[in-house]
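Q: This is what each chain is made of:
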Amino acid sequence: MSIGSTASLVEDKAAAGLRPGRLPGWMRKTARLLLGLAVTALLWEGSVQLFGIRPAYLPRLSAILAAMAATPRAYLDGFLRTLAETLIGFAAGGAFGVLIGIAFFRLRALREMIFPIFVVSQTIPVIAFGALVVLWFGNTLLAKAVIAFYLTFFPVTVNTLLGLETVDPKLVALMKSFGASNRQLLLRLQLPTALPHIFVALRLASSLSLVGAIVGEWFGDTTGIGVLLLQAMYTENVVALWGALLAAALLGTGFYAVVAAAERRLVFWSAEQ
Amino acid sequence: MFKPTLSRRHALAAVAAVALTAGFPAASVSAAAEPLAKASLRLKWLPQAQFAGFYVAAAKGYYKAEGIDLTINPGGPNLLTENLVATGADTFGLSGGTDSVFAARDKGLPVVCIGVSHQITPFIFVTRKDGPVKTLQDFKGKTVTTWFTGANHVLNGMLAKEGIKADEVKIQPQQVSVTPFVDGSVDVITATYYNEFYTIQSRMPKDSLKTFVAEDYGITFPRDTLIVSETTAKEKPDLVKAFLRASLKGWKDAFADPKGAVDTVMAVAPTLDRAQQEFMLTEVKRLMMAGKAGQDGLFWIDPDAIKTAHDFFLKYGVISKPLDLAAAYDSSFIQSVPLPERMP
Amino acid sequence: MSAALPSSSLAVQRGVLGAVLLVLCWEGLARGLHLPSYVLPAVSDILAGVWSKRALLSEAAGYTLLEALVGYGLGCLVGIGLAVAITMLPVLRTVILPAATAINAVPVVGYSPLILLWFGIGVVSKMVMVAMAVSFTVFLSTLAGLDRVDRRAVDLMRSFGAGRLSILWRLRLPTALPLLLAGMRVSTVRSVIIAIITEMLGAYGGLGWVIYQAVLQIDFVQVWSAIFVASAASLSFFGLIGLLERKILFWK
Numbered sequence: 001m002s003i004g005s006t007a008s009l010v011e012d013k014a015a016a017g018l019r020p021g022r023l024p025g026w027m028r029k030t031a032r033l034l035l036g037l038a039v040t041a042l043l044w045e046g047s048v049q050l051f052g053i054r055p056a057y058l059p060r061l062s063a064i065l066a067a068m069a070a071t072p073r074a075y076l077d078g079f080l081r082t083l084a085e086t087l088i089g090f091a092a093g094g095a096f097g098v099l100i101g102i103a104f105f106r107l108r109a110l111r112e113m114i115f116p117i118f119v120v121s122q123t124i125p126v127i128a129f130g131a132l133v134v135l136w137f138g139n140t141l142l143a144k145a146v147i148a149f150y151l152t153f154f155p156v157t158v159n160t161l162l163g164l165e166t167v168d169p170k171l172v173a174l175m176k177s178f179g180a181s182n183r184q185l186l187l188r189l190q191l192p193t194a195l196p197h198i199f200v201a202l203r204l205a206s207s208l209s210l211v212g213a214i215v216g217e218w219f220g221d222t223t224g225i226g227v228l229l230l231q232a233m234y235t236e237n238v239v240a241l242w243g244a245l246l247a248a249a250l251l252g253t254g255f256y257a258v259v260a261a262a263e264r265r266l267v268f269w270s271a272e273q
Numbered sequence: 001m002f003k004p005t006l007s008r009r010h011a012l013a014a015v016a017a018v019a020l021t022a023g024f025p026a027a028s029v030s031a032a033a034e035p036l037a038k039a040s041l042r043l044k045w046l047p048q049a050q051f052a053g054f055y056v057a058a059a060k061g062y063y064k065a066e067g068i069d070l071t072i073n074p075g076g077p078n079l080l081t082e083n084l085v086a087t088g089a090d091t092f093g094l095s096g097g098t099d100s101v102f103a104a105r106d107k108g109l110p111v112v113c114i115g116v117s118h119q120i121t122p123f124i125f126v127t128r129k130d131g132p133v134k135t136l137q138d139f140k141g142k143t144v145t146t147w148f149t150g151a152n153h154v155l156n157g158m159l160a161k162e163g164i165k166a167d168e169v170k171i172q173p174q175q176v177s178v179t180p181f182v183d184g185s186v187d188v189i190t191a192t193y194y195n196e197f198y199t200i201q202s203r204m205p206k207d208s209l210k211t212f213v214a215e216d217y218g219i220t221f222p223r224d225t226l227i228v229s230e231t232t233a234k235e236k237p238d239l240v241k242a243f244l245r246a247s248l249k250g251w252k253d254a255f256a257d258p259k260g261a262v263d264t265v266m267a268v269a270p271t272l273d274r275a276q277q278e279f280m281l282t283e284v285k286r287l288m289m290a291g292k293a294g295q296d297g298l299f300w301i302d303p304d305a306i307k308t309a310h311d312f313f314l315k316y317g318v319i320s321k322p323l324d325l326a327a328a329y330d331s332s333f334i335q336s337v338p339l340p341e342r343m344p
Numbered sequence: 001m002s003a004a005l006p007s008s009s010l011a012v013q014r015g016v017l018g019a020v021l022l023v024l025c026w027e028g029l030a031r032g033l034h035l036p037s038y039v040l041p042a043v044s045d046i047l048a049g050v051w052s053k054r055a056l057l058s059e060a061a062g063y064t065l066l067e068a069l070v071g072y073g074l075g076c077l078v079g080i081g082l083a084v085a086i087t088m089l090p091v092l093r094t095v096i097l098p099a100a101t102a103i104n105a106v107p108v109v110g111y112s113p114l115i116l117l118w119f120g121i122g123v124v125s126k127m128v129m130v131a132m133a134v135s136f137t138v139f140l141s142t143l144a145g146l147d148r149v150d151r152r153a154v155d156l157m158r159s160f161g162a163g164r165l166s167i168l169w170r171l172r173l174p175t176a177l178p179l180l181l182a183g184m185r186v187s188t189v190r191s192v193i194i195a196i197i198t199e200m201l202g203a204y205g206g207l208g209w210v211i212y213q214a215v216l217q218i219d220f221v222q223v224w225s226a227i228f229v230a231s232a233a234s235l236s237f238f239g240l241i242g243l244l245e246r247k248i249l250f251w252k
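Respectively, the protein sequence lines represent chains E, W and G.
Sequential numbering of the first sequence, starting at 1, is according to the working numbering.
Sequential numbering of the second sequence, starting at 1, is according to the working numbering.
Sequential numbering of the third sequence, starting at 1, is according to the working numbering.
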């Protein structure tokens, strides 16, 4: 069973493919990024003007940025709030995923009993029981974090398990012959071996936790990127809609980049890096 | 080997603690002052001028003055206010309307209505003046969009009065946008006076539009109902009365100073369009002051209107059995507030 | 990957045991605490609800599955097409890859308001949403698969005078197939969920629409019935593509 694992494997490969050739220093990277952004912005602005696209479909980028600048607090507060929900859901989902992954690895019976339920749980559309989450957890930041957690833990569990299973049995036998305890085995050999796999899932989880936070905010909240999206949709304010989308994109890319950077530091030994 | 895990755990706990306190900013404040009763109000929709009075009352501290620490929780596309109030997740609710209160009572949800905000049907059916629809009879064979959240019953009732069967009209669920109507792919659209009607008018001139009003066909559909759970009504009548007093003050202020009220709402939801919100408040005032409210004040529960609505819902199968009106609508709380305080 | 799959009959028994325990706990909690259906209905009530509303629910499931399947098919075509195009014309890579990554940076649900405004609340908006979600995953997995080809094998085929197309058809695609199909299998569950989420924001029918209506009509047994049906639909779609995968990759 590998709903999460293949997706993350795939993500990993693509990210590896994305990475440009060796670039000397961060400055050229930043310059390239800025250049890319500038080109996109120009293309956006230009094509809207050139093809006379109706603002109801795609407003000019400058109009969107002006609207965002007019009410900076709404976007800033929304951004921070959604960020907090995303981070808590991500941390909880990541921690739970790794722990359950280890438990499943150790206790085969437990895995065989619970894993199918986990799989089924992932086929349930989260928005359908969002109202229940509000009932159970109230109108708190926690309620949104719970939804983010729900979307996050599964891929991490799958990849932790997968990673632990790639450990060479001969190495395990060797360490055992030196008298290594189970805990030493886990911390020195199994977890380090599984770490690349875990991080692949964490990168996927970074975007999933953002989805959870945004959808969670659709269940009666005042602040957040999800609220801005909904508000804009129901007042047919396309400019505000794009503003919220830009904020979501910024949060999504930023968080993904941070997780990827942590991965490069921590998993320096991985062949794939 | 233990230390890092422990400190990480502590860090996590700290994050969670910060998150929790961020979720209840009011909790830490009230702990210092004299103990306020914690309560929440669940709205039927996202923050907008439709709910201005409550936001004004909260911003001006009227709830605090009555000893209530009130949190206002917005609604959302998949939330039912009656459900959240019945379960105790929220203390007060501004719910859909008489239709949703009756439906909830019909399904056994222990909610009580303590006030009615919009005294008349807040939505109308809009068509183009130069279009094919001149009378209700012309609805036959045309495409009509409406919300399946209550407005559909009114439409069916109006059609039935004219002897038109529902399947003679192409009734479709209405989408979030009025664009299909403006583009001409829909003949008749449902619009609230305070929201969609404004959006339509911003795209096409008002005198090019023709409207059908439920009241002209003898149907009144009071909406935006204030509700509490039966438990709250029974055990905390003073809390309910205090809430109503503070809310009424907020609404009176909102009507006296609409600009300031819109400021308060836009402080909560800054991305809203100011002109639209000012229009909304004007229209909402008209709806709240209509009918019996003109003499009996805001949030008045008109027993005749409730009875008419009840019989209407019973006839069209929205509710399965006759309901105890006195148990579902309790006027005693709003009557406890002296009349002058109810009149804006 | 197959290691995580329960294979022995003991595993199946344990899986069934787990499910039975969950159902018993749920049922016991709902009945024992006399939870009203608006908090949590009992499993038996939900199953009875599924049965009594089977006509409505199967029609809604058909509606949702149609949206999911068409969107899924479209998404797969676009994803595979783009990946192949990039492999055939490497120039495109510098344009398409960053663009695709940027579009994917926003969670798909974020686009739903926009897509609904653009395409209306009919089936088209759901198909577009599903296609968007599916195409990216399939695109990435196909690309990863196509890139996995051994350079030496390519050189060898070239030395025999094989053209780009023939290398694509004979070498790259067969090599990419396992990853491509895995990406397609992963996308099945997502496609149904995306269709349902979009339906809940506005639709003429489907499981999401049923759930939305049921919430407004305060019929929570029906909400859960629709969720059960949605879950079953996702699992069968997942199973179907999994079966297809095993048929095509018979050598694995």
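These are computed hints drawn from the structure, not numbers from a lab.
One thing to keep in mind: the hints can contain errors.
Pairs of lysine-lysine, DSSO-like flavour, derived with a Cα cap of 30 Å [to be verified]:
#, chain 1, residue 1, chain 2, residue 2
1, W, K64, W, K315
2, W, K107, G, K53
3, W, K170, G, K53
4, W, K321, G, K53
5, W, K249, W, K60
6, W, K165, G, K53
7, W, K315, G, K53
Q: Next step is simple, just say for each hint if it's right about the structure.
A: Hint check:
For the hint linking W/K64 to W/K315, the alpha-carbon distance of about 44 Å lies beyond 30 Å, and the restraint is violated. With a C-alpha separation of about 18 Å, the suggested pair W/K107 and G/K53 falls inside the 30 Å cut-off, and the hint holds. Annotation: proposed proximity of W/K170 to G/K53 holds, straight-line Cα distance about 25 Å (limit 30 Å). Annotation: proposed proximity of W/K321 to G/K53 holds, straight-line Cα distance about 21 Å (limit 30 Å).
Between W/K249 and W/K60, the direct Cα distance comes to roughly 10 Å. Compliance with the 30 Å bound is thereby established for this hinted pair. With a C-alpha separation of about 25 Å, the suggested pair W/K165 and G/K53 falls inside the 30 Å cut-off, and the hint holds. About 24 Å separates the Cα atoms of W/K315 and G/K53, which keeps this hinted pair within 30 Å; it holds.
Consistency with the previously given hints fails for number 1 only.
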